[in-house]
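**Student:** Sequence:
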Amino acid sequence: MFEKSLYDLIRGMRNHKGNEREYIQNCLKECRAEVRSQDMDLKATALLKLIYLEMMGHDMSWASFHVLEVMSSAKYHQKRVGYLGAVQTFRPDTEVLMLATNLLKKDLTATAMPTIALPISALPHIITSSLALSVLTDLLPRMSHSNPGIRKKTIVTLYRLALVYPETLRAAWPKIKERLMDKDEDASVTAAIVNVVCELGWRRPHDFLPLAPRLFELLVDGGNNWMAIKLIKLFATLTPLEPRLIRKLLPPLTDIIRTTPAMSLLYECINGIIQGGILGSPDDVSGREEIASLIVSRLRGMIMIDGDPNLKYVALLAFNKIVATHPFLVAEQEDVILECIDSPDITIRIKALDLVQGMVSSDNLVSIVSRLMRQLKVSSEPRGQQVPAEYVESDDDGSTPRVRTPINAPDQAPPLPEDYRVDVIRRILAMCSQNNYSNLIDFEWYIDILTQLVRMAPVPRLRGDDVDALASMARPGSSDVSERIGDELRNVAVKVRAMRPSVVRAADSVVSHLSSESQSTHAVTSRVLGPVSWVLGEYSSFLASPEVTLGCILQLLARTSHPEILVSLMQAVIKIFALVAGDDGAQWTAERKAKISLTMTRLLHVLEPFPLHPNLEVQERSVQFTELLKLTAEAVSGQEASTDEVYQDAPLLLTQAIPSLFTGWELNSVAAGVQINVPLPDGLDLGQPINPNLERLLAETNTLNIPVDEDSKFDIYYNQRPAPTSISSSEPAIKRLADASEEVASSYQNAGEESYLDADILARRRAERLERNKDDPFYIAGSRSHGTSTPIHNILQNENGPGLDIDSIPIMQLDLSKLDKGLSGEASAAAAASRAKSKQLRPRVTVAADETLAGSSGVSTPAHNYDSETYNSDGGVVRHHLAKGKRGAKHSLLQVDSSHIGGLSLDAPAADAAPDPEKQKREDAEMAAAMKEVERLRLEMQRANERIQVAQGIPAEGVAVVKKKKKKAAPSLKKKTSVADVEEQEGEGATSGGAMEVVKAKKKKKKAVASIDEGVVGEGASVDKPKKKKKTAKPASDASASAAVS
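Take the sequence shown: its position 46, counted from the start at 1, is 46 in full-length UniProt numbering, and no numbers get skipped.
These aren't lab readings, by the way, just hints derived from the structure by calculation. In this text, a Cβ means the ideal position worked out from N, Cα and C, and glycines have one as well. Take the hints with a grain of salt, since some may be wrong.
Stated by the list, open to error - Ranges of calculated distance between the beta carbons of each label pair, as one might list FRET restraints: (1) L686 / A641: 45 to 53 Å; (2) P501 / W665: 17 to 25 Å; (3) W665 / D342: 42 to 50 Å; (4) L661 / S361: 43 to 51 Å; (5) N435 / Y647: 53 to 61 Å; (6) E178 / N435: 56 to 64 Å.
Make the full structure from the sequences, and use the hints.
**Tutor:** Right under this line is the structure:
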């Protein structure tokens, strides 16, 4: 029978294409039979095939004992296969691992170099704490082996042992240090030691600071780039401890940056300089600035290398670290950094955004934001609009349209992920609002940017029946980025008083856009409605058409499910209604009365379902406003309208009472940490219910109904569902694309406002710009004609009439020699006046600071956070914050927690070290073994005494000893004599009478040895005392009598 080799197995798998599973199962059956064979060659071949199949996903843990058998083979080629199988299959919990300890120790002490290398290479894969303790004594002598390859492997293996058994470092460090200091040591061994020292250095850099001279020598003289990388990383951890190293390291590091062709070494050198604090050191300012300029220039070259995104990524990482110490140098590289924003690699874009956010200023804010806005505008456009003829067709009956997946143009940019778009929007808001809008010059431009961001922000679109998904979004912690945009609009309105009309106009356009962009049956999920409705209600006096805005808000109120947004919308509705109906200067005519009555009827109709809302805040607001409107409706219906003969005033409840609810102190911006300084009122109990009969009161409100005239046309109108205002989905898309204007391609470098703003915003900004500059003689306005271009002679003829003769215009001689004299005084004054006038065209705005209380820093946090995600109903902190700390233990690539190595000092004595659980277990095991040995010796002594007593005629079961009770108060000398007194008298030499008692006591002690089985005599009896018994043998009766004395 001929067995299959590994090559036969591979050929068979290739020949059984499509049926590999059955073939592999047959091979596994053959391997199971072959691995049990007594022939070691056949066993090793079967094991090699199992190892190959294990790498393909087939388990071979069942063959661990056979692996151990092949490992014990005397032949090297078989032993090598066994160790390979151990590396592949053995784990710390493998049962046969304890049987391999002696085999590993034997192979470590072998004389053949290939045999020694096998266990050294296998130990890092199968090491455990107990195995490390066993093989450490055999592994340490390999540090002095004559072969450098064995020494190198031993050093790396010792580091792996130290991860599971830290005491390894204390025993191996002297030899490792000796090898490092040896200048004649092999370069590969030195590189291995540097790797180990670098891995240990970031945990306890103090222990390796004395090695700095030798490490510096290796950095200067060594020609190994990888070792230089490790040394630079190690010096980055040592320089904070020894600042004098900075001046020593600057020349060699500068030389490496200038001369090395290796990009990996260049980056690690730059990274080491940054992390080591060399750029931020106060010493040697000239050298620090020189190397900073050199680093920035090399990083610029790394970014400009085409076709290598890895170099761009690491260069941006370094730029992000340099910008903290040298922002002006990084700002000079703005052109190449902005090019990375448009990189097809998302990771490069994110790092470029991090860098741009740190280098933004008032000079480059507009250009950076414009570039990001165009990127968002392109990504938010519907995909496939460039090829409309490919994706619209209809069914056979022509009633239902079908939409195909559009085919993207080959030059079309790939779509951006939604989380990236959200991140870009958040960064735009952070850049514009940082330092209380210190970098922002044109607030009108910023308000238009916020309006455009509302339209481009990714908002989930949900149908009205998606109740579960909508309820999940209604939670307080599930806010989207549109709410952050609305907060910025509110902040600008509160802080910048001059911009409030513009903010109100922008908020009005947002509400109108949301109410008309979708059908009335669709739910509005954008959370921008909350802050935007607050702005419309708080500053409703700036509204151009309050009635139209009120109608839009009422439409959105019925299509919103977020409790927080509902509360803001209700408040805004009442405030706008107070503005519309509370004009005390208008006459109380019949038209005004009917208009206000219809408005209140519509308000009550919209607010009718909200008293039953599950949210208590919504219930409270709706009940308050409903009752207030009912009282107002009664007052309006009872007040007669004015006529030509009789003048009637409007109801005071309408003109004074309701408006007074929302007038008074102006709301200003408050710092984030002021709440902690607000004192609590005495006697405040937030846990006490306001009204114990709240449910009954709310139930009674359902029975109150306002009588409605059935014949009222207005009631019929408002009870009907309005027609949808969105574009019908049944219209073919080709018709909608027919009138679309062609977009003029423009570059990112010169991106204009038309590339990222919508047409309505552009038209309004153009009209405002023309109105602002109509009186400016230096502003060249566009032609009013709609032609593509107008020749200069047409312009002259239109302005001067048809009788103008261009040739009759005299030509003046221009003397260029007088240009160096500059402008005349009058011309320069006129130019200065025009510049001053142009500067005055844009109003200067003042940004209000956040209000604080006395003793408030503005950065503290409130003492109590009532967020449902932070505090539970019992007032305790939720444990999910603590779970992050439990996950804080970092594991290396070896899946071993090496954090305990940081507490091990290489120079401290063992007594000062932290308690080691493995050492404690070892000591306990040694103590248990010692106790077993003591017990064994005691039993041997007991058996020897029994043999002696049997030879002397003493029964094997021993002699019964009866303790005599004390009856007399004054005992005799014999009864008082104890064994301790006998021993004392023996040492001092007693008198003759005392000697007689000593002899009796000795007899008593000798006879008492016979009763060890009963445990009367303690363990203090020595082994040589029964030998004295041979000199004076006493009968058993005397022995019992003497024992009774004691």
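**Student:** Confirm or reject each hint.
**Tutor:** Now for the hints, and whether the structure bears them out:
1. Checking the proposed 45 to 53 Å range against L686 and A641 shows it holds: the Cβ atoms sit about 48 Å from each other.
2. P501 and W665 have their C-beta atoms about 21 Å apart, which keeps the hinted 17 to 25 Å range intact.
3. Taking the beta carbon of each, W665 and D342 are about 49 Å apart, inside 42 to 50 Å as hinted.
4. Between L661 and S361 the beta carbons are some 45 Å apart, a value that agrees with the proposed interval 43 to 51 Å.
5. Between N435 and Y647 the C-beta distance comes to about 57 Å, which sits within the given range of 53 to 61 Å.
6. Look at E178 against N435: about 57 Å separates their beta carbons, and that is inside 56 to 64 Å.
The structure is consistent with each of the numbered hints, conforming to all of them.
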